[in-house]
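**Q** Protein chains in written order, with this note's numbering: chain E, 534 to 730; chain W, 534 to 730.
Simulated from the structure, these hints should not be mistaken for laboratory data.
Do not take every clue at face value.
Unchecked claim - Calculated Cβ distances over 12 Å to all of chain E for the following chain W residues:
hint : residue
1    : D555
2    : H588
3    : D608
4    : K666
5    : D679
6    : V684
7    : A713
8    : E716
9    : G718
10   : G723
Claimed, not checked - Here are the computed lysine-lysine pairs in the DSS-like style, where the Cα-Cα straight-line distance is at most 30 Å:
hint : chain 1 : residue 1 : chain 2 : residue 2
11   : E       : K592      : W       : K666
12   : W       : K666      : E       : K657
13   : E       : K590      : E       : K657
14   : W       : K590      : W       : K666
15   : E       : K616      : E       : K590
16   : E       : K592      : E       : K657
Virtual Cβ for every residue (Gly too), placed ideally from N, Cα, C.
Number of protein chains: 2
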Amino acid sequence: MTTGTAEAGARGAADTRTRLLDTALRLFTEHGVEGTSLQMIADALGVTKAAVYYHFKAKDEITEAVTEPALRELDAIVTEASKQRRRGAQIDHLLAGFIDLVVRHRALVALFSSDPGVARAVEKSIHGSEDFKQGLLGLLCGDNPDTAAMVTAHVALAGLAMAGGSPAMAALDDETLREALLEVGRRLLGRPRHRTA
Amino acid sequence: MTTGTAEAGARGAADTRTRLLDTALRLFTEHGVEGTSLQMIADALGVTKAAVYYHFKAKDEITEAVTEPALRELDAIVTEASKQRRRGAQIDHLLAGFIDLVVRHRALVALFSSDPGVARAVEKSIHGSEDFKQGLLGLLCGDNPDTAAMVTAHVALAGLAMAGGSPAMAALDDETLREALLEVGRRLLGRPRHRTA
Chain E
534 MTTGTAEAGA
544 RGAADTRTRL
554 LDTALRLFTE
564 HGVEGTSLQM
574 IADALGVTKA
584 AVYYHFKAKD
594 EITEAVTEPA
604 LRELDAIVTE
614 ASKQRRRGAQ
624 IDHLLAGFID
634 LVVRHRALVA
644 LFSSDPGVAR
654 AVEKSIHGSE
664 DFKQGLLGLL
674 CGDNPDTAAM
684 VTAHVALAGL
694 AMAGGSPAMA
704 ALDDETLREA
714 LLEVGRRLLG
724 RPRHRTA
Chain W
534 MTTGTAEAGA
544 RGAADTRTRL
554 LDTALRLFTE
564 HGVEGTSLQM
574 IADALGVTKA
584 AVYYHFKAKD
594 EITEAVTEPA
604 LRELDAIVTE
614 ASKQRRRGAQ
624 IDHLLAGFID
634 LVVRHRALVA
644 LFSSDPGVAR
654 AVEKSIHGSE
664 DFKQGLLGLL
674 CGDNPDTAAM
684 VTAHVALAGL
694 AMAGGSPAMA
704 ALDDETLREA
714 LLEVGRRLLG
724 RPRHRTA
């Protein structure tokens, strides 16, 4: 096998993995994680179950792989936001990043908020650990938050995610939804009105 | 059988039904709807499975019965709110009623937002129909709402419910949680600050 062929093979495998995850997310959305089998994923892709097994040994691994990129992005947003000097800049960075993530991963967010299989996959990943959630909330409400700040942060994160993933918003393009969520999020967190460039 | 005995029997059956639903909600919270069997409910109550069958023929009926009182209350809140003359009063009535409901039924709300079994039961009930949801949203955002109003209403309803049902709020007493949610909700919907009596 020449290097060229090996590279083409690796690229082919990467493509199949991407297609597999896209297909899995679509089937999870239609049938739930519980209601989706490896066989259904194979059928939808037009490949054998063995070909699916080549990439993932169990459905759990697929569920984790589906959520993994978004969680890694969220991790990066929290890290980047925490590097900002001023509290206001931290909140602005986190809010804009979180909303952008929700909008781009709408299907996954909708699934996360309605399917315990996905919620469990997130809990099991290092990104979904309690520490990570605390980091996200801590950045939003600061050290030693009072009740009002804690409640506000929870309403903001859950509300923005659920609204963004709602089928009622499916007709909105990404930019419109992003601007609307940002406006609401900034009002909620007491940040000055966002000015678009 | 005397009337007195028949009444006592009816009261006993009503008590068993209430205990059964309380126990079912607790088990649903611990194991999910899928992970809870009629046998588990019977065991937890210390009765036979036949005794459970006397009240409910299937788990679906229990799930519906668990959610029913809260949905009936929500229905009454929407009806009452829609009778208010001014828009502001409609929103105030709906917001206060919705938050009070979320706080009093915290365990159920947490379950609803994490378990598709409960979400399906609500969808199937007449209260959970699309019309009902539209009524709730319609009251919050008025006729022909723009994107901003729709997004705000979704963030408010989902965010307040998810935050109220969050385990992070378990330590707060009802009154403290109610006041904090009301404050956030009013800011979100552009209502003047709430004054406690």
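**Q** Could you work out which of the previously given hints the structure breaks and list their numbers from low to high?
**A** As far as the earlier hints go, 4, 5, 6, 7, 8, 9, 10, 11, 12, 15 are violated by this structure, in ascending order.
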